[in-house]
Amino acid sequence: MIIFSSLRSFTYAIMFATPYILTGLSVIFAYKAGIFNIGAEGQYVIGGVATLFVAVKLGELPPYVLIPLCMIVAVVASGLWGSLIAFLNIKFKVDNIIAMIMFNWIALYLSNFIIENCGLLNTSVNTVSVNISENANMCLPKQFIKDMSLCNATNVGIIIAILVAFLVYFILEKTTIGYEIKSVGLNSDASKAAGISVNKIKCLTLSVSAMLAGLGGALQLMGMSKRLCIFTSQEGYGFGGIVVALTAFINPILSIFTGLIYGAIKYSGRALNLIGMPTQIIDAIVGFIVYIIAILQVVKRRKK
Amino acid sequence: MSIFLQIFAYIGIIIYSTMLYTPTLAYAGIGCCFSEVSGVTNIGIEGIMTFGAFTGCAGAYFTKNPYIGLLIAGFTGVLLSLFHAYTSITLNADQTISGTALNLMGPGLASLFACILFGKSESEPLTVEMKVPRLFSNVFDSNTIVGNALKNIFSHYVTTYILLILIFVSWFILFRTKIGLRIRACGENPKACETLGINVIRIRYICVLISGFFAGIAGACLTMSITNQYRLTSVVGQGFIAMAAVIFGKHKPKGILFACLLFGFSQGVRVMITNGLISVNILSMLPYVITLIVLMFFSGGLDVIKSLGKPYYRGK
Chain A
65 MIIFSSLRSF TYAIMFATPY ILTGLSVIFA YKAGIFNIGA EGQYVIGGVA TLFVAVKLGE
125 LPPYVLIPLC MIVAVVASGL WGSLIAFLNI KFKVDNIIAM IMFNWIALYL SNFIIENCGL
185 LNTSVNTVSV NISENANMCL PKQFIKDMSL CNATNVGIII AILVAFLVYF ILEKTTIGYE
245 IKSVGLNSDA SKAAGISVNK IKCLTLSVSA MLAGLGGALQ LMGMSKRLCI FTSQEGYGFG
305 GIVVALTAFI NPILSIFTGL IYGAIKYSGR ALNLIGMPTQ IIDAIVGFIV YIIAILQVVK
365 RRKK
Chain B
4 MSIFLQIFAY IGIIIYSTML YTPTLAYAGI GCCFSEVSGV TNIGIEGIMT FGAFTGCAGA
64 YFTKNPYIGL LIAGFTGVLL SLFHAYTSIT LNADQTISGT ALNLMGPGLA SLFACILFGK
124 SESEPLTVEM KVPRLFSNVF DSNTIVGNAL KNIFSHYVTT YILLILIFVS WFILFRTKIG
184 LRIRACGENP KACETLGINV IRIRYICVLI SGFFAGIAGA CLTMSITNQY RLTSVVGQGF
244 IAMAAVIFGK HKPKGILFAC LLFGFSQGVR VMITNGLISV NILSMLPYVI TLIVLMFFSG
304 GLDVIKSLGK PYYRGK
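In order, the protein sequence lines correspond to chains A and B.
FYI, in this note's numbering the residues of the first sequence are 65 to 368.
FYI, in this note's numbering the residues of the second sequence are 4 to 319.
If you're looking for bench data, these hints aren't it; they were derived computationally from the structure.
In this text, all values refer to a predicted model and were calculated from it rather than measured experimentally.
Hints are not guaranteed to be accurate.
Claimed, not checked - Only pairs whose alpha carbons sit at most 20 Å apart, straight line, appear in this in silico DMTMM-like list of lysine to aspartate or glutamate:
#1 A:Lys367 x B:Asp97
#2 B:Lys313 x A:Asp159
#3 B:Lys123 x A:Glu237
#4 B:Lys253 x B:Glu197
#5 B:Lys313 x B:Glu191
#6 A:Lys121 x A:Asp211
#7 B:Lys255 x A:Asp159
#8 B:Lys309 x A:Glu198
#9 B:Lys253 x A:Asp159
#10 B:Lys67 x B:Asp144
#11 B:Lys313 x A:Glu198
#12 A:Lys246 x B:Glu191
#13 A:Lys364 x B:Glu132
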């Protein structure tokens with residue numbers, strides 16, 4: 065209940081939700097086409113490192129140019145990353161899940177490589193990158209934060225994430241493309257017979273869902289963390305996205321709320337360190353929740 | 004003459020570093036193979052391995068006996084896989100979701116128990132008598148180049164030798180016995196099996212539990228022979244590489260062994276080349292890139308198990 069102790073912790077908990085909502089949406093979008101996007105982690109990392117590159121190298125640009133530019137670059141880079149997975153699947157029949165898992169690790173080391181070899185490494189610390197340019201900082205003005213006693217990293221990322229959630233809902237439920245995606249997910253043979261290009265839809269779905277995860281990486285970097293670490297293991301944003309998507313029962317609108325809850329759990333998990341418990345215990349609890357979800361789906365199916 | 008000795012020494016090092024990582028992958032691969040051949044995907048292998056890596060270490064630390072540690076790792080793996088078996092076989096739930104749950108639970112539970120037993124998120128380092136012993140290490144004189152190379156080539160951890168027996172036994176069971184035929188039939192056409200009086204549910208349960216047992220041992224192999232200690236970063240994607248090896252090895256124990264040797268070699272290269280000529284990050288990427296490239300060229304003609312991952316409803 066630490067998040068309700070002050071307005072500062074409360075806003076922190078909300079800000080923590082931004083990347084999880086977006087990776088959750090990424091998982092949801094792919095799931096509708098029958099693809100289990102276990103690769104959101106890698107796509108998130110690619111989005112983050114692309115943003116870092118632009119936000120440092122083109123740091124002189126004014127904020128209203130630089131911030132959108134960073135987002136666009138992150139989205140394009142991770143979109144290409146996602147379409148590479150689709151390409152391997154369609155052209156070479158590489159199993160999607162295995163390919164995504166391999167790409168997660170490749171993305172992680174690629175990110176480390178880019179940070180170390182493109183002059184982005186903070187030479188005095190050596191385990192983190194340099195900070196992004198002040199012009200790419202998405203946080204609200206410092207004075208405003210101080211007056212309202214919000215957390216230091218209060219930013220508009222969460223609003224973008226919520227808007228994107230509604231956009232995803234709109235695309236999936238109200239457009240022809242969304243209809244085709246869902247139809248491929250339900251029965252790809254029937255869709256093929258009905259004249260839908262299954263491969264095209266699969267490729268599109270994977271790219272778009274990678275873009276969503278990549279946007280999450282960009283927003284997290286520009287709003288919250290301001291710099292990347294040299295990774296030694298995966299940070300769990302992709303798995304977090306899976307949890308958010310599953311607890312939302314694959315519904316984009318519900319994912320906003322489950323994302324907020326998951327962000328709050330993750331934020332409060334940091335408090336475990338204070339009493340000498342490892343934060344990974346949160347994972348055991350979350351794993352148990354996912355396990356319950358798997359059972360709940362069966363209950364839901366039996367009721368029909 | 005000395006150039007030959009040099010080459011010989013290098014070959015020794017290459018074989019040694021390959022055999023460091025191969026057993027871990029191969030144990031997990033054999034486990035995964037049993038489960039997949041019977042028609043159940045188990046992507047929770049990674050989580051089970053992480054948990055086994057911890058329980059094996061803890062077991063060996065408290066009992067002072069590596070073999071009891073290995074068995075404990077195996078049986079805790081069975082316990083975890085029981086969760087997966089219940090949801091995916093009895094309840095017919097989504098096997099990917101249930102496997103994901105295991106992947107989250109494994110490291111979490113390991114940290115929890117590490118905290119209870121050791122008061123921190125990693126285990127205490129093992130001493131020599133608690134580790135899995137290396138056979139024949141006294142036979143060769145490690146002071147000479149030749150002796151050292153021979154030691155690298157022939158002296159491995161006990162788990163490596165057990166593995167070779169295991170590969171043969173599991174090949175024999177799967178392809179030369181009645182039970183093996185039944186297991187494979189369950190993966191291909193469970194309904195036809197049921198009409199012949201084979202208990203599909205029971206066979207699938209047994210196979211998933213076997214996969215849990217070997218995944219647990221695989222994790223323990225890693226911590227009890229190579230790293231000496233359970234850490235959060237002990238099992239980094241090894242379970243998933245093992246799954247790739249199963250696909251590449253066409254669900255045959257011998258194929259899996261060769262696939263694991265290839266992946267073990269690329270893992271070993273990462274540890275071996277530390278001279279700074281090639282970036283560490285590029286080397287770390289290598290196992291994953293090789294896995295992908297291999298899958299690119301071998302996925303097309305791969306045999307597919309027909310009922311893999313599909314729920315089986317009795318009497319429908």
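Hint check:
Of the supplied pair hints, the one linking A:Lys367 and B:Asp97 holds, its CA atoms being roughly 16 Å apart against a limit of 20 Å. With a CA separation close to 16 Å, the supplied pair B:Lys313 and A:Asp159 stays within the 20 Å bound. Note on B:Lys123 and A:Glu237: the hinted pairing is violated, with a Cα-Cα distance of about 48 Å set against a maximum of 20 Å. This hinted pair does not check out: B:Lys253 and B:Glu197 have alpha carbons roughly 25 Å apart, beyond 20 Å.
Our distance criterion of 20 Å between C-alpha atoms is met by B:Lys313 and B:Glu191, whose separation comes to about 11 Å. Of the pairs offered as hints, the one joining A:Lys121 and A:Asp211 is violated, with about 33 Å between alpha carbons and a cut-off of 20 Å exceeded. Restraint check for B:Lys255 and A:Asp159: satisfied, since their Cα atoms lie roughly 18 Å apart, inside the 20 Å limit. This hinted pair does not check out: B:Lys309 and A:Glu198 have alpha carbons roughly 56 Å apart, beyond 20 Å.
For the given pair, B:Lys253 sits about 13 Å from A:Asp159 by alpha-carbon distance, which is consistent with the 20 Å threshold. Restraint check for B:Lys67 and B:Asp144: the C-alpha separation of about 28 Å exceeds 20 Å, so the hint is violated. About 52 Å separates the Cα atoms of B:Lys313 and A:Glu198, which puts this hinted pair outside 20 Å; it is violated. The straight-line distance between the Cα atoms of A:Lys246 and B:Glu191 is roughly 28 Å, outside the 20 Å bound, and the hint therefore fails.
Distance hint between A:Lys364 and B:Glu132 is unfulfilled; the C-alpha atoms sit about 53 Å from each other, more than 20 Å.
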